[in-house]
Amino acid sequence: MRTGPSAVLGRSEAADAPPRGAASASKRGGPKTAWAAHTALLPMGATVLIAYVASILWTLRISLSNSKMLPRNDWAGVAQYVNLFESDRWLTALANIGLFGLVFIAGAVVLGFLLAVFIDQKVRLEGVFRTIYLYSFSISFVACGVIWQWMFNPTLGIQRSLRSWGWESARFDWIATQDMAIYCVVIAVLWHSAGLVMAILLAGLRGIDDELWKAARIEGVPRWRYYLNIVLPQLGPSLGTAVVLLAVSVVKLFDAVVAMTNGGPGDATDVPTKFIIDNLFERQNIGLASAASVTMLVTVVIIVAPMVYARSRANAAAGRA
Amino acid sequence: MTIAASPGNTLSPRPRRAFFTPARLGVYFFLVSAALFFLLPLYVMGITSIKPMTEIREGNIFALPLAITFEPWAQAWSSACTGLECNGISVGFWNSVRILIPSLVLSVLLGSINGYALAYWRVKWAGWFFGVLMLGAFIPYPVMLYPLVRMFASVNMFQSIPNIVLIHTFFGMPIMTLLFRNYYSSLPIELFKAARIDGGSFWRIYFQLMLPMSLPIFVVALILQTTGIWNDFLLGLIFAGRENYPMTVQLNNIINSTQGEKLYNVNMAATLLASMVPLVVYFVSGRWFVRGIAAGAVKG
Chain A
1 MRTGPSAVLG
11 RSEAADAPPR
21 GAASASKRGG
31 PKTAWAAHTA
41 LLPMGATVLI
51 AYVASILWTL
61 RISLSNSKML
71 PRNDWAGVAQ
81 YVNLFESDRW
91 LTALANIGLF
101 GLVFIAGAVV
111 LGFLLAVFID
121 QKVRLEGVFR
131 TIYLYSFSIS
141 FVACGVIWQW
151 MFNPTLGIQR
161 SLRSWGWESA
171 RFDWIATQDM
181 AIYCVVIAVL
191 WHSAGLVMAI
201 LLAGLRGIDD
211 ELWKAARIEG
221 VPRWRYYLNI
231 VLPQLGPSLG
241 TAVVLLAVSV
251 VKLFDAVVAM
261 TNGGPGDATD
271 VPTKFIIDNL
281 FERQNIGLAS
291 AASVTMLVTV
301 VIIVAPMVYA
311 RSRANAAAGR
321 A
Chain B
322 MTIAASPGNT
332 LSPRPRRAFF
342 TPARLGVYFF
352 LVSAALFFLL
362 PLYVMGITSI
372 KPMTEIREGN
382 IFALPLAITF
392 EPWAQAWSSA
402 CTGLECNGIS
412 VGFWNSVRIL
422 IPSLVLSVLL
432 GSINGYALAY
442 WRVKWAGWFF
452 GVLMLGAFIP
462 YPVMLYPLVR
472 MFASVNMFQS
482 IPNIVLIHTF
492 FGMPIMTLLF
502 RNYYSSLPIE
512 LFKAARIDGG
522 SFWRIYFQLM
532 LPMSLPIFVV
542 ALILQTTGIW
552 NDFLLGLIFA
562 GRENYPMTVQ
572 LNNIINSTQG
582 EKLYNVNMAA
592 TLLASMVPLV
602 VYFVSGRWFV
612 RGIAAGAVKG
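From first to last, the protein sequence lines stand for chains A and B. Residue 315 in this note's numbering sits at position 315 of the first sequence, and the numbers go up by one each step. Residue 594 in this note's numbering sits at position 273 of the second sequence, and the numbers go up by one each step.
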């Protein structure tokens, strides 16, 4: 997973601030120096215009045409979108990612919160625990999928071990069953990303004043209620960041599934990105794939927009204060 | 508050003395169990990679090997098969290196120049472009893939090293630019003003003042990009081309190659080999890695 959006979320307010050196630069800077700054930003301008804006517009355009193998210039209205939402495979992929997203985000937030809270109890070897919980985040989703595919192997994996330890009738073949395979992917990705939530929430916890706990203790508040009723609400912004990051990574889910189950068994772990890649490069149906991409983009906007809005409101309020 | 503050010392938990209370034991029990969950796959992978296949077929994935063999590692590195070719994952390793180095140089350098220009210079439209770039960080790659394929194909660059390097530069630009912009914005403005009064030009200030001062953030940027680019699968699969497939793509091909018996020990050795670079980066850089994640994720 790229950490791209994580940093962006936090500092999105920086986008609107004017350059701090701007005033002095524009007063004293001759035409030559201003020209240098413009030249220096040309690669960024080109990237934004070509790689981002033009690409997205082009995809939008293709999604409104009858394009199959090659882009066509005709107009088909929303026909591709109608096809898309009549496609069983797409609907299955959506249902899969929805289920995956709910279970995974809930699991990652609960696990990440517990890890952060327990680590925050002034424990010994804190650094060791933190290092262990986060190392899996550094390896690739492909490797993560491969490792867990082996752990879940229905003949030689955990099931065999359970049986060899005396539980003769143990059954743990989730990865090969229609209903449970998606949960195997959930466990694998949880293992990969729960540490990220822990790191984000731990930083949030460290920002909470210790005096609060002392005061709560005098009032006779038990520790678990302190964390649930006092700390959790204060972690709001960190939790929000974590949930949005997780949600964005859910939408992008691809590598882990390809390595672990390749969408199977049947279509039990098919996901939207896999649908799009298959239709783009194997089924030569770029119109349909583009419609699916645009749908994905809209989903991300719906996830991220409230967060960005809330942040800009908060920053505006902070700016006035 | 005065009441809370003065007896605070006696009331607040003193972990070093209270180690053996049931609550403390519960805390450690949870932390150790969680650590086992995170470490177990690494342990299984490690021991599977040094077991002979006979032991894997008969035994238990958690059992220590009876006879240790490093043959699977040698095989994974130099003779494991991806489809018809059997040259091991070393091919992918060197491809990943060839992709990584130029991508790192280009994306980090551009990020720092962008960040510097945005933080100190007034450039027309720069705010707008920067805003769009930040939004771009959230956009799923599939939305941009096909047009980019066509664009690179139209200049005969599709599926080459320069292609994948430029793709990593494009998609790494939001985070890199933001990282450096925020860093330069946090430096005292007087430094820049003094340099301007001394007649420093755009590039002179960048190379002689800003570059030497921003080494810490360069380290963070390098760590972020190294793990990000090394772990990429989707972009390498589409833009690198068959002869330049990065290690992740090669790993997936080895694992899912359907010829003959599945050699789980070789697969695990290959997975460990493919994870070596990010793991080393993580364990060596520790604090810096976390700082990279935290660079913006945690604020307020």
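Mixed in with the good hints there might be a few duds.
Stated by the list, open to error - Now the stretches of chain A that chain B is said to cover, found in silico as 3 or more residues with beta-carbon under 8 Å:
no., stretch
1, 74-81
2, 86-100
3, 172-180
4, 292-298
Unchecked claim - Over the 12 Å line for every Cβ pair with chain B, so calculated as not near, a few chain A residues:
no., residue
5, I200
6, I230
7, G266
8, A268
Read the hints as simulated data drawn from the structure, not as lab findings. Backbone N, C-alpha and C fix where the C-beta goes; we use that ideal spot for every residue, glycine too.
Here's how the hints hold up against the structure:
Check on the stretch 74-81 of chain A: 0 of its residues sit with their Cβ under 8 Å from a Cβ of chain B, so the three-residue criterion for coverage is violated. With 0 residues carrying a beta carbon less than 8 Å from a beta carbon of chain B, the stretch 86-100 of chain A misses the three-residue requirement, and the given coverage is violated. Given as covered by chain B, the stretch 172-180 of chain A fails the check, having 0 residues with a CB less than 8 Å from a CB of that chain where 3 are the minimum. For the stretch 292-298 of chain A, the stated coverage by chain B is satisfied: 5 residues place a CB nearer than 8 Å to a CB of that chain, which reaches the threshold of 3.
With a cut of 12 Å on Cβ distances, A/I200 falls inside the contact zone with chain B, its closest approach being about 5 Å. With a cut of 12 Å on Cβ distances, A/I230 stays outside the contact zone with chain B, its closest approach being about 14 Å. Interface exclusion of A/G266 from chain B stands, the closest Cβ pair being 17 Å apart, more than 12 Å. Non-interface call for A/A268 relative to chain B: holds, since the shortest CB-CB distance, roughly 17 Å, exceeds 12 Å.
Checked against the numbered hints given earlier, this structure breaks hints 1, 2, 3, 5; the rest are met.
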